[in-house]
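Enquirer: Protein chains in written order, with our numbering: chain L, 9 to 109; chain R, 21 to 413.
No wet-lab data here; the hints were simulated from the structure.
In this text, a Cβ means the ideal position worked out from N, Cα and C, and glycines have one as well.
You may find that some hints are simply not true.
Claimed, not checked - Derived Cβ-Cβ restraints for the label pairs, each shown as a range:
(1) R/S78 with L/Q91: 23 to 33 angstroms
(2) R/G364 with L/G104: 50 to 60 angstroms
(3) R/Y249 with L/C56: 33 to 43 angstroms
What the hints assert, rightly or not - Among chain R residues calculated to face chain L with C-beta under 8 angstroms, some are:
(4) R119
(5) P231
(6) E240
(7) H241
(8) E404
What the hints assert, rightly or not - These stretches of chain L come out as covered by chain R in the derived footprint (C-beta under 8 angstroms, 3 or more residues):
(9) 29-36
(10) 56-68
Read off the chains here:
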Amino acid sequence: MKHYPPDAKWHEMADAGIIPQAGNAREYDVSGWRSEHPVRDAECCIQCLFCWVYCPDSSVIIKDEKVVAFDPVHCKGCGICAQVCPKQCITMEPGGEMPQE
Amino acid sequence: MGILQPLEGNMAVAEAMRQINPDVVAAYPITPSTEIVQTFATFVADGKVDTNYVAVESEHSAMSACTAAAAAGGRVMNATSANGLALMWEILYITASLRLPVMLTVVNRALSGNINIHCDHSDTMGARDAGWIQLYAENVQESYDNLIQAVAIGERMDVRLPVMSCLDGFLVSHSYELLEVEDDDAVREWVGPYKPNRPLLDIENPYTVGPLDLYDFYMEHKRSQWEAYPTAMQAVIEEGKRFGDAFGRHYGLMETVELDDADIAIVALGSAAGTAKDVVEQLRDQGVKAGLLKLRCFRPFPGEQIAAALAGRKAVCVMDRAASFGAGTGPLYHEIAAAMYGAGHAVPIQNIIYGLGGRMLRPEEIETVFRDLVQIAESGKVTETCKWLGVRE
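Can you make the complete structure from the sequences, with help from the hints?
Expert: Written out as structure tokens, the structure is:
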């Protein structure tokens, strides 16, 4: 796994702007993009997994086929999970800080 | 040994594609390049090639599919014209940025409006900054030869760039010409097998292609791409020589006719250069020291070589088959004038815009250009930088 340092010169990198590794988007912290964050009411949740299906950033964390949390590093606060929740158990709260469930 | 065959420009291009036998062709036919992919599709249907032919729903999709197929590791070809090229615009830049050697034949045609299907260079001139190598053919033989060379140039590991092989719509694409078609095996051997660089289908070695690339790295990546073009220019020269050594027809960045001792000279791309050759010879018979510079390789732009070839002329005319609206001149003029200024050659340069939308360029008209150049050479002054030729005034 190779990372280019922030001061890498043009001739020190692979051509075509490639990143010589795959799946590195997970290393990119986008938490600073959020102006709102999702909060899920676990009592109300029926575990339909709609939020998991629709989340464009794979930021709904699943354990044993159940929603357990949102990924605080990759959630951009888009609010799609709240929109698609059939029981309206997810609300978008102001602020980027995302408390751990 | 090759054999002499009478073929239209489009058929000759399709024949070259058959001999090259690409892995993927994803095309959306458009006049006047339609026959290329139409003919090639019959080769696919008849089992004469191993190509996966992808019928797509637009040129945007065509170039997207071509770029993806090239990233996957395939040798990829396509053909288009004018508005089709315009619809590929977004992807053209990406193909070049990703350093994927897709081979695109462009049969030059006017971009609308009004709608026109005939030749001018507004389509490829508009795409000049996209990062593709651009070769322009004068006739059917060159259209065939250029496409074969394009593969070798673009696929070189030190180049890895897409190439537009350009020929004039109808004037070349639909003109029959007796050309030398080389032997299938000889062409395949000359081109060689394709060696993909980092094919995405190599699932043992995954990497990330085309990621988000912001202010912290984008400029370094563009600087890296910039470096490819001097190498590409060298590749055009070397492959042109290698082609000539194999098949007897040598190519370079440009071709000159009676230029070395010429007092006056014109610069042209494509089929106009063929007409101009005859005029140059006629004028030479009359004692006029006329010359021609036919530019073959427009991208990368060989500014230093052009300036060196035109240095010492008393007057030069740059012929543009495209108008750069608002610039006051044509695009070829800009670059040649800049190259001459940069090299310190104070030669008066006339610009002519001609042949838009297929307007015929007659030998008598080229002769008037030379006659005007005689006046300019005597006075040392260009009174009107850009003139339109063959337009009803």
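Enquirer: Confirm or reject each hint.
Expert: Evaluation of the provided hints:
no.	hint	result
1	R/S78 with L/Q91: 23 to 33 angstroms	holds (32 angstroms)
2	R/G364 with L/G104: 50 to 60 angstroms	holds (59 angstroms)
3	R/Y249 with L/C56: 33 to 43 angstroms	violated (55 angstroms)
4	R119	holds (4 angstroms)
5	P231	holds (6 angstroms)
6	E240	holds (4 angstroms)
7	H241	holds (4 angstroms)
8	E404	violated (44 angstroms)
9	29-36	holds (count 5)
10	56-68	violated (count 0)
Of the numbered hints stated above, those contradicted by the structure are hints 3, 8, 10, listed in ascending order.
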